[in-house]
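Chemist: Listed here are the chains, written in short residue letters.
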Amino acid sequence: MVATSLPASLACPAARETMNVVIVGHVDHGKSTLVGRLLADTGVLGDGKLEKVQSVCRQQGKAFEYAFLLDALEEEQGQGITIDAARVFFRTPRRDYIIIDAPGHIEFLKNMVTGAARAEAAVLLIDAKEGVRENSRRHGYLLSMLGIRQVVVAVNKIDLVNHDQAVFDEIVSEYSAFLREVGIEPRHFIPVSARDGDCVASRSDKLPWYSGPTVLDAVDGFSKQAPGANQPLRLPVQDVYKFNERGDDRRIVVGRVESGTLQVGDDVLFSPSNKTATIASIEAFSATPSTSACAGRCVGVTLEQQIYVRRGEVMSHRKPAPLVSTKLRVNLFWLGRRPMTPGKRYRLKLGTTSTDVTIDHIHRILDASALDARVDKNQVDRHDVADLVLRTRTPVAFDLAADLEGTGRFVIVDEYDIAGGGIVRERVSDELEKHRLESRIRDLAWVRGDITAGQRAEIKKHPASMVMFTGAAGTGKHAIARAVEAHLIRSSHHAYLLDGKNVVLGVDADLQFDDIDELVRRFGEVAHILLDAGNLVISTTNVIGLADHMAISTLVAPFEVFVVHMGTEAEGTPEGADIRLDANTPPASAVNLVLEELRSRGRLKPSGW
Amino acid sequence: MRLYVETSPASHRSHLDQLEDQGVYILREAYKHFRQLGMLWSIGKDSTVMLWLARKAFFGHVPFPLIHIDTAHKIPAMIEYRDRLARRWGLEMIVGENRAALDAGMGPAHGRLTCCRALKTEALKHTLAGTWPRQRMGDDGVYREEVDGDPFTGVIVGARADEEGSRSKERYFSPRDHNSDWDVTDQPPELWNQFKTDFAPGTHVRIHPLLDWTEINIWEYIEREQIPIIDLYFDTGSGTRYRSLGCGPCTGHVESTATCPSDIITELRLTNVPERAGRAQDQADTYAMEKLRREGYM
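Residue numbers (our numbering), protein chains in the order written: chain P, 810 to 1418; chain Z, 5 to 302.
Please note: incorrect hints may appear among the correct ones.
[To be verified] Stretch by stretch, here's where chain Z covers chain P in the computed footprint (C-beta under 8 Å, at least three residues):
id, segment
1, 960–971
2, 1051–1060
3, 1083–1095
4, 1106–1119
[Unchecked claim] Dumping the calculated PhoX-like pairs for lysine-lysine here, alpha-carbon to alpha-carbon at most 25 Å:
id, chain 1, residue 1, chain 2, residue 2
5, P, K1153, P, K1269
6, Z, K78, P, K1051
7, P, K1153, P, K1136
8, Z, K36, P, K1084
9, P, K1084, P, K1310
Because the hints were derived from the structure by calculation, they are not lab data.
Keep in mind it's a predicted model, so treat the numbers as computed, not measured.
C-beta: ideal position from N, C-alpha, C; glycine also.
Between the sequences and the hints, there should be enough to build the whole structure, so can you do that?
Modeler: Here it is, written out as structure tokens:
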């Protein structure tokens, strides 16, 4: 895809380049002092700010510190510690900056991560007297996981070691070795006294042995990362809008172009559903309509075909498409107070997908402050870094972080809060791999008539979807399935009862009865054809159990599957089932329950038809 | 201070584009996840830019109500401008106030922080929670009282990090507890555009799409987009203008002959006076704004 030149409305000559830079390092190594000094020495403090903070210090009877310019919260000044990352705005002749002053205390690591995740480059601070400490290492490791590659190291408080080059050299050697292990190659090591202003904004005659740049020069030397306009297109669908009630009948798919370039006329693929469409337009309010959008832009597009897509799918070109699996090998850092434990269910948020997730396998757990220390335990504790395989409840479209950052990283939500984050290192094959590949190849090559699935659904007044009844033999699922079919046909739905036995009798006649995988595959393909024809397919079979429903769902995707499980209350609703019905539920009320659930999901005709 | 006018290198997205994209993304996330969503509109430049961003995000529509807290001390032109724009853009307008305090004669003479707490913080908390009556503008442009409204669970606010210290520590999605209190020392992590969109019953989330904007960015964007901003920000002949808008008694003018956004941009590049210097309540106590904001102030 070649990006064409952008219309004038997308470029604004008046705005200056702005860069986010985070300052990190161990607690008390002087991060806030460095930032305060930068502000004071470059003259960007508001008039009266310095005097105001100095006078507050006098009132409160404490010595003035540059850090007070940033540590704005009452508790921060009281404790002399940064609790949360502050954003500070300043400018040099080169460009504007948002400096993020991240806390260095281990207690506030989540705030450091929050601050650093917004940054494009970092200054790592080390106290010359204390040397490399555990958070010097931990922060280095986290910067690497957060994808920040542009780093300079400031060796602060050089005045406390008498501006001694030997001390400086030793820190450079020790810390470089560590950073190399985590894949960070600092551009410079700079000896600094933030308190005295040496090598912050100007050079110092106290450091005659140092000929490199000042902190300010080094920060100005960071380069703005080019947006990934030439990478493969990825647009995680954020939402689909139709403001009908406001007199607007456009159906607009919105999202951020995480990478690549999107153009009107492009053929696009949605994963994991495998739906395809063509971009009809890029919509905009109060701007010249544009024919292309590059990485970083939040856009809204309309499609030539009326297909049903929803949040969580990833729009790409047909090739290269994102990976799809329910198993991901990841590097993860954990910030939650409660440990992350196997067996417990969390939410995974990756791009715009949100799905249940559990730990499938723990490869190893590291203490990020030491890295070589391998910890032998069965849970991920707060501030640990782990190498895990995660298992999601539904298939997720993603990329490896090494290939594409935007769709290669995720967070984990424990109850209401984000408790961890990480990057995808590799895709792990799951049992459905074969089926997924089969359905993608099939869907892309499928020969279609002139009627699209959307038009078919519009004319029939209901979409095609599947209702699967599962449960042990003798639970009465056949009777209910038959009654549901009869009711749907009588209310003018296009419905068909697909009994597994019928597929076995004909389509499977050449198979051994224990070749379950092939039975499931063929059943799924037959169901797919009936769904493609626009039917509500009601299936019931003793051959295919609930365990195989994921395989069927994969084969018939993007059609929706609703699973009704017949079982006892003691067993509960099993994984994968949408509802459970008691085996002794009277058929009439069972049918009503099922129909009600289908109606609430928009799978039946609107009432009144 | 030097005046820098050189342009950025040929990157595909300018800084204003990046700010706009971030704001639009945040607004769409808010709309997706919060059923009871509203946007605070103070009539000032920041929240009016935010309103414009909403029209961008939703292609000309604003699919949630705008909430204005009327302290009865607002400059009259602000109310007139609010209702005019609301009718022109088809906005769903909700107005809240602390009627009991107003009836009892509350004003800055009772102490600025006391007045702010009563007329802004308390009015806002009860309007958001639906525990006090709200005035809702009808299709005919007339306000009618509405009682027992649903509590808002997502509230979009135009706070900017560069305004003052406590705002510089905010999250894009910032939780508030049952009492609207903000726990500044224990905020949830936020990274990679993954926000706090899950919340316990009874709590709500403040959403800040403008956090990374500076005062200059606001004016650059107003100029670029030609957003109809209230003219109190411009000099109309007196040689003064407002730099920050609030209640009449507590908001001072600045000496300025700026008559349009580009004049203001030039002026701001040359000044070192903080934006809120004209807002009296900030000067009342060193941690005034943090205290007010912890209690639920915007």
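Chemist: Output the indices of the hints that this structure fails to meet, ascending.
Modeler: Structure breaks hints 1, 5, 6, 9.
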